[in-house]
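> Two independent chains are provided; combine them into the complex using the hints.
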Amino acid sequence: MSDLKDLYQEVILDHNRRPRNCYAMDCPDRTADGHNPLCGDTVRVYLRIEDGLIKEISFSGHGCAICTASSSLMTEAVKGKPVAEVEELFEGFHQMLTGVAEEQGVELGKLRVFEGVREYPVRVKCATLAWHTLHAAMEGEDESVTTE
Amino acid sequence: MATVATGTHGTRLDVDALRADFPALHQEVHGKPLVYLDNAATTQKPRAVIDAVNAFYESDCANVHRGVHALSQRATVAYERARTAIKAHLGAHDSREIVLTRGTTEAINLVAHSFVRPRLRAGDEVLITGMEHHSNIVPWQLLCEETGATLRVVPIDDRGVLDLDAMGRLLTDRTRILGVVHVSNALGTVNPVADIVRLAHDAGVPVLLDGAQAVPHMAVDVQALDVDFYAFSGHKCYGPTGIGALYGKRAHLLEMPPYQGGGDMILSVTFEKTTFADPPHRFEAGTPNIEGTIGLASALAYLEDVGLEAIAAHEARLVEEASRAVAEVPGVRLIGTAPERAGSVSFVMDGIHPHDIGTILDAEGIAVRAGHHCAQPVMQRYGVSATVRASFGLYNTDEEIEALARGLHTVREVFA
Numbered sequence: 003m004s005d006l007k008d009l010y011q012e013v014i015l016d017h018n019r020r021p022r023n024c025y026a027m028d029c030p031d032r033t034a035d036g037h038n039p040l041c042g043d044t045v046r047v048y049l050r051i052e053d054g055l056i057k058e059i060s061f062s063g064h065g066c067a068i069c070t071a072s073s074s075l076m077t078e079a080v081k082g083k084p085v086a087e088v089e090e091l092f093e094g095f096h097q098m099l100t101g102v103a104e105e106q107g108v109e110l111g112k113l114r115v116f117e118g119v120r121e122y123p124v125r126v127k128c129a130t131l132a133w134h135t136l137h138a139a140m141e142g143e144d145e146s147v148t149t150e
Numbered sequence: 204m205a206t207v208a209t210g211t212h213g214t215r216l217d218v219d220a221l222r223a224d225f226p227a228l229h230q231e232v233h234g235k236p237l238v239y240l241d242n243a244a245t246t247q248k249p250r251a252v253i254d255a256v257n258a259f260y261e262s263d264c265a266n267v268h269r270g271v272h273a274l275s276q277r278a279t280v281a282y283e284r285a286r287t288a289i290k291a292h293l294g295a296h297d298s299r300e301i302v303l304t305r306g307t308t309e310a311i312n313l314v315a316h317s318f319v320r321p322r323l324r325a326g327d328e329v330l331i332t333g334m335e336h337h338s339n340i341v342p343w344q345l346l347c348e349e350t351g352a353t354l355r356v357v358p359i360d361d362r363g364v365l366d367l368d369a370m371g372r373l374l375t376d377r378t379r380i381l382g383v384v385h386v387s388n389a390l391g392t393v394n395p396v397a398d399i400v401r402l403a404h405d406a407g408v409p410v411l412l413d414g415a416q417a418v419p420h421m422a423v424d425v426q427a428l429d430v431d432f433y434a435f436s437g438h439k440c441y442g443p444t445g446i447g448a449l450y451g452k453r454a455h456l457l458e459m460p461p462y463q464g465g466g467d468m469i470l471s472v473t474f475e476k477t478t479f480a481d482p483p484h485r486f487e488a489g490t491p492n493i494e495g496t497i498g499l500a501s502a503l504a505y506l507e508d509v510g511l512e513a514i515a516a517h518e519a520r521l522v523e524e525a526s527r528a529v530a531e532v533p534g535v536r537l538i539g540t541a542p543e544r545a546g547s548v549s550f551v552m553d554g555i556h557p558h559d560i561g562t563i564l565d566a567e568g569i570a571v572r573a574g575h576h577c578a579q580p581v582m583q584r585y586g587v588s589a590t591v592r593a594s595f596g597l598y599n600t601d602e603e604i605e606a607l608a609r610g611l612h613t614v615r616e617v618f619a
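Going line by line, the protein sequences match chains C and E.
Sequential numbering from 3 applies to the first sequence in this note's numbering.
Sequential numbering from 204 applies to the second sequence in this note's numbering.
Here chain E stands alone, though its shape is the one from the complex (with noise of 0.2 Å):
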């Protein structure tokens, strides 16, 4: 799609081009040009997505796994190639390795609902780190709550880098799974997730990586990861809201209970004995999101048309250049520094609250996120109640990030 070769610099992304595929983005918001910032939050999504999700209600529309009329067969067909396609964005060797869920969150409470809870005695102990989202702690929280056993963090130092010692010591005989987020919605941090499976196999722990804000911004490779559950949600990589999905290993997922009861998960029933589908199909109760599903096949195979590689290096200078620009504004402080980056920039501004800095900057048209980022434990660990938060999508552009520069000169004038 849009990439033209630059020869010194290598692919780089055409970014006007891309531009034009994403129809939300051509507005004023306030009077002003709309920039972006926000896409850690959710993205935008293109052309192409809005009209696999249309084309699915205008032509195909039907439940899927039941019917044996024509609608209901391409429903189902579109269903299951798109679960393909999610198998072949992430690496993994089975499409039946691929649960669909209503995002991460969901995935990452299936698996604690029916791989780690079976297994979980009184004085085991779950380990996490200090860098999650809330959705990679509290059903963590809820299930050591509910068996006695024991929530372990791993510390994360002031750049906002893992303490992989730390997690060595942490990983016990005791420790049931390890769950870590790949990339920090909060601090930007790319962790070193090869690394941290390998420590944990060694260790005899199985690993869930929360994909979230990974997915979007990189290639993803569940099998040369060797991770045994693999979370991520649609709509921060440009497809629809809730839908997302799960990588669970084949060996695993059978071995796991249901998560939920209803239709379309199981063999056959009697008031005495259920008989459960087989995985995936046992982990989707209930009619699934269909055209979410579609659209998010959709949104893969544009990540995949414009190359994952040149997104990954365009973001990448965009996380540079905003890192450089918003850190010469007097009074700022960038919060999360570490080496390896990815997707935002999180910093505060001395005296001055993240939600007044939001709201001046989205009078001028500029959307970012302030708040806590739903990481209120990253949030005490730096002392801060809240950050703000550029995010930044492939469709995002140098003058864009200098419109958040300007915008925060303004906060400074406001405030002055």
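So here's chain C without its partners, still in its complex pose (with noise of 0.2 Å):
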């Protein structure tokens, strides 16, 4: 249960119970899916984008906790600053579920509670799904992203 306690954050089911800025944009500047096929989950992210600044995110689509308490915050996370910074924010956050290199430096802020899901190497999948649906989404790709 103490791990568990590590993985399911507080922050996290309180954001899967209740998440934010989760409906369907009415006139996005850009979309894009993301799909998981290994779990099913998909997630929708809408943009709407002025000045080089996100000025409006949302996100739909139904997924496991840790999927749509990630979508949730990223959007908390992303909303009013610059596309770059954006790009930066998602290589900090990857890094920190992987572990694959010592973090930049970046500041990671409430992310941090996904700390947790590092020792779940099959769920990072299911934390990084709507960062890169919103890679996706920034960069206008049209074909739909997996996590595959």
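Think of the hints as simulated: they come from the structure by calculation, not from any bench.
Glycine included, C-beta positions come from ideal geometry on N, C-alpha and C.
Treat the hints loosely; a few may be bogus.
Claimed, not checked - Chain E regions said to be covered by chain C (calculated; three or more residues, Cβ under 8 Å):
hint, stretch
1, 461-469
2, 547-559
3, 562-569
Written as structure tokens, this is what we have:
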């Protein structure tokens, strides 16, 4: 149980129960779909970008608690940020989850609650699906992304 | 082997004794005793199977069908004896009706390619059901795309029972094959395959049964069923991975062109013309999975020794007990409540994703499958993206079902 509490932290459970910015945006500039074929999770990210800033962001779809909470916390973390900074944040987030390299001083803030996911390698994709999808939306890629 | 008579209850398995045959069961996972409930994905292997595979490599390792030397002859005899054992297990008439494949998927692809494709024209139809595994959907889709034929699907009801009236209507003079799963991997439904074969044959339609989830749990008799093709996998019935078999009626196999070209499937080759071997070797290009075939025969012998009827009775009780225990957990909904079920119990929990349930159960040492079970159309039918599936083998116990129920209460605590 104590290990599980590291994974399912209160913030994660809260964002799973009441996901923020979880709606289909009316007139988004861009959208992208993400799909995890392993477990059937799907996420759609909606974006409105103005002057290089994420003006508005939302998501819809269905996924596990890690996927839903990560989508929710991501929207909060990137709202109002310059696009370039978002990519940096994604990189830092990914590094925290995979531990492949020392983090490069990216301020992750609340996103640190996902640190426990590192101990569950098969769940890393759940935490990164929304970010991959956001990346695709920012790049304006037409095709949907998958975690495979 | 390990069966004991208990008088009033008939023959019951001595599960403790059987568990001793499976080395992998006796381990801890995350500090808890392993509770292995993912048998529909793959089963653990008894010592007899592991030993049979090892014995091949330790003493008989040679290629088959080509050497005059002693080892090659021993390997060939063992390989062909295994084919005969598979024939006997399925109740087939002739071991030449058993084609060894990589598994169920390859067996279905073989039928699609060599039996159905030559007779499929634009406007023809392939009929499958709404509870098929992707392996009995995708090969037909590829074939239909290529030929302009249409894929039709027999619907299932809310319990997960096939609509046989609809099947009767969908079997027409345009239908070239009916592909049906014997036991559903996602719902546990046991389909009335004897009735289905009769229905299809009355309409002049040949039938392929996907027996991947049936062979581990019950006796199968292809002659009694009068089925045209029957496919199954070794690793789901306590044998090695990468080996399976296709039963095909001899008359069908004889008229079918090869599936893949290569060595071991020819009589003679010149650059002008190749003459193909007779079935089953016509369909077994290349060096086969010799140790897998030997291991599979050993697994089937193990099942027969334990007793298929006793296994079926034990597992039927486990399915019933698990359905009850799981459904008692608040917020749980069973997916698949057909009256005839075997092997597995699928369910979802209110507001908690199956993936999270799988992770929390794993922390308790309990292995289940969480996902779409390679049956996404079934998931869509029930309006879910995934389910949790607990699936049983001959070595599972009542205590393990209790552990599963306790694990689900832990899930609720974590998400409280």
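> Of the hints stated earlier, which fail here?
1
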